[in-house]
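K.L.:
With these hints in hand, go ahead and build the complete structure from the sequences.
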Amino acid sequence: MIKKNIDLSIIIPVYNVEKYLPHCLDSIFNQSLDNSDFEVIVVNDCSKGNCEEIIEEYKKKHNDIRLINHEYNKGLYQARRTGIFNSNGKYIMHVDGDDYLSLKEDNKDFLKNAINKLDSSNADILFFDCIHTDGEKEWKEQWFNPPNKNLKNNDEIIKYFYDKGNVHTVCIKIYRKSTLDLAYNILPNINNISLFEDMFQNIFISYYAKSTITINENFYYYRYLKESNSRRLRNTKEEKENIIYQLKLILKAIDNFMNTNLLYKKYGAIFFELLEDICYSAFLLYNELKGSNDSYNLYIQNKREWTNEIVPSNMIKDIEENFIHNQNILIEKLMPYFFSIIVNKKYTVVRIFGIKITIKNKRFANKPIVITFSNVLRFLFSISNKNNGERNLIIIRLCGFRISLKK
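First residue of the sequence shown? That's 1 in full-length UniProt numbering, and the numbers climb one at a time after it.
I should point out that these hints are in silico values taken from the structure, not numbers from a laboratory.
None of these values were measured; they are calculated from a predicted model.
Every clue listed holds true.
Each computed DSS-like pair below joins lysine-lysine, with the alpha-carbon atoms no more than 30 angstroms apart:
#: 1; residue 1: K248; residue 2: K266
#: 2; residue 1: K117; residue 2: K140
#: 3; residue 1: K108; residue 2: K177
Ranges between beta-carbon positions, derived for each pair:
#: 4; residue 1: I131; residue 2: D155; range: 25 to 35 angstroms
#: 5; residue 1: N122; residue 2: T348; range: 39 to 49 angstroms
#: 6; residue 1: E276; residue 2: E57; range: 41 to 51 angstroms
#: 7; residue 1: I359; residue 2: K108; range: 52 to 62 angstroms
#: 8; residue 1: S32; residue 2: I131; range: 15 to 25 angstroms
#: 9; residue 1: E276; residue 2: D129; range: 21 to 31 angstroms
#: 10; residue 1: D109; residue 2: H132; range: 18 to 28 angstroms
#: 11; residue 1: L225; residue 2: F29; range: 20 to 30 angstroms
Heads up, the beta-carbon is just placed ideally off N, CA and C, and yes, glycines get one too.
P.N.:
Set out below in C-alpha cells:
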C-alpha cells in the first residue's frame, strides 16, 4: 500500500539478514507513531535467504510495509537510494536490517517527539545517539556521539561532516526529504560501494542542509557483526580490485562536486583528513593483493606516488592551494610580531625578524597552534617612528633603554 503525505519514511536495506530482520521490524512497530503517519520501505537487494518471505508475513499484519526487490545485487548505497526515490514521507530515516531501535518504554514516543521537534525547528537533520551491541554485551562508542550543540548554519554543518573526527553513518539521523532530494539528484549512480558509502552521501547532503538539532537519547542499536557485508566483500582478488575501483569513482565524484561548488578554497584543508582515510584504505587493499605485510610503512614511504594513483590529479593541488591561502591569512595577521610559530595542518611556519621558514609536519595538525613573543622581543629590541607634532623621531628600544633620534 502506497501512502501519500505522511510524516516519516523508514528505509530498511536488506541483504541476507534474515536472522535479525524480525527484531528490526518489531522494534519499529513498537513505536507509538500512528500507522497513518509513517511507512516502512524494505529494499531487498537480492538476498539469498528467506528475507522476502519474512517481509511478506509482516505485510499481512502491517499495511505500513512496502517491499521493493532489486533485480540484481547493487549494494547498500543503491538500496538506500532506491528507498529514497520511492519514499513519500516528509522525513527519511535509515535503519539497517541487522540493527534495531530501542524497545525501552521511555523511548516508545521517540519518533513522534523527533518529528514534532523537526517541524517546530524547521531543521534539515536530527541527530540522536546509539548503543553498540554484539548480542551479548552493550557499549558506547564515543566516536558515534552526536554533535553536542545544534548546528545553526550551513558552514557549521559542512565543517562537521568534513571532519574526520565525526561519525558519518546515515543511520543515527533523521533527514528532511526535500534536502535529500537535492543531494540525490546529483549523487552518481554507482553500484556495490562497500566502503565510505555513508561519508560519500553526507558530503553531498551537508551542502544543502541549513540547520540541525540533536536529541541526546540512546535510541538506535548498532549490531556489531564479526562477519559484516563489508568484510565479506574483501575476500577475493576481484573483490579487492573492485573496491579500489569504487573508491576511485567516489573520489572523482567528490572532486567534481567540490570544484563545481567552489568548496576547496574554504573546506579543502579539513577535507584532507577524509581523503587520507580513503587513500589509506585503498592502499591496504592494494598491498593485500600484492601479499605485503608492511602496509603502513609502505604507504608512508610511497604516499605521494600512491595518492596520485587513486586521487584525481587536481584534488591534492586544490587542497594544498587552500592550505597556502589559509596560511597566508594567518601570516598577515602576525606581521607585526618579531617572532611567531604557526603549526597548522601539514606545515609549521616559523618567522624570525621577517625571515620565514616552512617545515613539513610529521603529523597532521587539525587545529592551528600559534605561538608569538612580540612584547618580550619589543622590550629587547625594536625600532619605530613617532611624530610629536613638531618633529619626526626614530625611537630605538634596546634591553629596556629608550633612545630618541631626530630624522
